[in-house]
Every structure is written in C-alpha cells, then in structure tokens.
Amino acid sequence: MSDSQMKESMAAMEVFNEELKKAGVLRDAEGLRPSREGKMVRFDGVSRNVIDGPFTGDLVAGYWLWELPSVVEAVAWVKRCPNPMPAASEIEIRPI
2 MSDSQMKESM AAMEVFNEEL KKAGVLRDAE GLRPSREGKM VRFDGVSRNV
52 IDGPFTGDLV AGYWLWELPS VVEAVAWVKR CPNPMPAASE IEIRPI
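For our numbering, add 1 to where a residue sits in the sequence shown, where the first one is 1.
It cannot be assumed that every hint is accurate.
List time: in silico DSBU-like cross-link candidates among lysine-lysine, alpha-carbon distance up to 35 Å [as the list claims (entries may be wrong)]:
{"#": "1", "residue 1": "Lys40", "residue 2": "Lys8"}
{"#": "2", "residue 1": "Lys23", "residue 2": "Lys80"}
{"#": "3", "residue 1": "Lys80", "residue 2": "Lys22"}
{"#": "4", "residue 1": "Lys22", "residue 2": "Lys8"}
{"#": "5", "residue 1": "Lys8", "residue 2": "Lys23"}
{"#": "6", "residue 1": "Lys80", "residue 2": "Lys40"}
{"#": "7", "residue 1": "Lys40", "residue 2": "Lys22"}
{"#": "8", "residue 1": "Lys80", "residue 2": "Lys8"}
With beta-carbon atoms standing in for the labels, derived distance ranges [as the list claims (entries may be wrong)]:
{"#": "9", "residue 1": "Lys80", "residue 2": "Val42", "range": "12 to 22 Å"}
{"#": "10", "residue 1": "Pro83", "residue 2": "Asn50", "range": "35 to 45 Å"}
{"#": "11", "residue 1": "Glu74", "residue 2": "Val47", "range": "36 to 46 Å"}
{"#": "12", "residue 1": "Arg49", "residue 2": "Asp4", "range": "35 to 45 Å"}
{"#": "13", "residue 1": "Arg49", "residue 2": "Glu15", "range": "32 to 42 Å"}
{"#": "14", "residue 1": "Asp4", "residue 2": "Gly46", "range": "21 to 31 Å"}
{"#": "15", "residue 1": "Gly46", "residue 2": "Glu15", "range": "25 to 35 Å"}
{"#": "16", "residue 1": "Met86", "residue 2": "Glu38", "range": "37 to 47 Å"}
{"#": "17", "residue 1": "Gly63", "residue 2": "Ala89", "range": "46 to 56 Å"}
These are computed hints drawn from the structure, not numbers from a lab.
Every residue, glycine too, gets a C-beta built ideally from N, C-alpha and C.
Using the sequences and the hints given, assemble the complete structure.
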C-alpha cells in the first residue's frame, strides 16, 4: 500500500470511527503493534514453546469493542466500514 493509499484509508477509517462514537456504539478501539514485536506461545501437552514474531497467515491489525443488541446489527455496521486494505480483506465479528 502506498503512502497516499495508507493516508486515504486511515482518513476513511477515522470518519467511520466518528460515526460509531456518535451512534454510541464504540466502547474501545486500538491498533496492534506489528507482529514482528510479538510472541506466540505454542502449547503441546505439558511443553510450552515461545515463538518470536513476525508471524505469517491471518493478521489481526487491531480491534473494536462495540456495544450492540445483536450480531445482526454488528454485521450491518461492518458492511458500512471502509475496506482497510487495497485488496480483498475480512473483518471478524464475535460476541462477548
């Protein structure tokens, strides 16, 4: 993603986050540090192996914590979200 694409994407996401705030939906949101700064602990029986980042595969870049009455409403909000990537991407929704 070019610098201009990144700026455009971030600006669109800021507008979306403001909509969430104004609607009283957004409880928390944060971007995560790059996976190269992370660790993973793999469990195998009684052993615990620590793996240094960066990690490949699925990427979790951040999170939102929303308060909504149903997953159906969360899906409706996500459909309004700008695509965070220049290519195909996904946003996972889970209730807590």
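(message) Tell me if the straight-line CA distance from lysine 40 to lysine 8 falls inside 35 Å.
(response) holds (29 Å)
(message) Taking 37 to 47 Å as the stated bounds, is the beta-carbon spacing between methionine 86 and glutamate 38 within them?
(response) violated (20 Å)
(message) For the hint 36 to 46 Å, verify it against the beta carbon of glutamate 74 and that of valine 47.
(response) holds (43 Å)
(request) Look at the Cβ atoms of aspartate 4 and glycine 46 and judge whether their distance stays inside 21 to 31 Å. (result) violated (47 Å)
(request) For lysine 80 and valine 42, compare the CB-CB distance with the range 12 to 22 Å and indicate the outcome. (result) violated (35 Å)
(message) Given the hinted pair lysine 80 and lysine 40, is their Cα-Cα distance within 35 Å?
(response) holds (32 Å)
(message) Quick check on a hinted range of 32 to 42 Å for arginine 49 and glutamate 15, using CB atoms only.
(response) holds (40 Å)
(request) Could you see if the CB distance from glycine 46 to glutamate 15 stays within 25 to 35 Å? (result) Distance hint for glycine 46, glutamate 15 is violated at roughly 46 Å.
(message) Need the status of pair lysine 8, lysine 23: alpha-carbon distance at most 35 Å?
(response) Since the Cα atoms of lysine 8 and lysine 23 sit roughly 23 Å apart, the hinted pair holds (cutoff 35 Å).
(request) Take a quick look at whether lysine 80 and lysine 8 sit within 35 Å of each other, Cα to Cα. (result) holds (21 Å)
(message) Holds or violated: lysine 23 and lysine 80, Cα atoms, limit 35 Å.
(response) Status holds; Cα separation ~17 Å.
(message) Check the hint pairing lysine 22 with lysine 8 against an upper bound of 35 Å on the C-alpha distance.
(response) holds (21 Å)
Going through the hint list in order, the structure does not satisfy hints 9, 14, 15, 16, 17.
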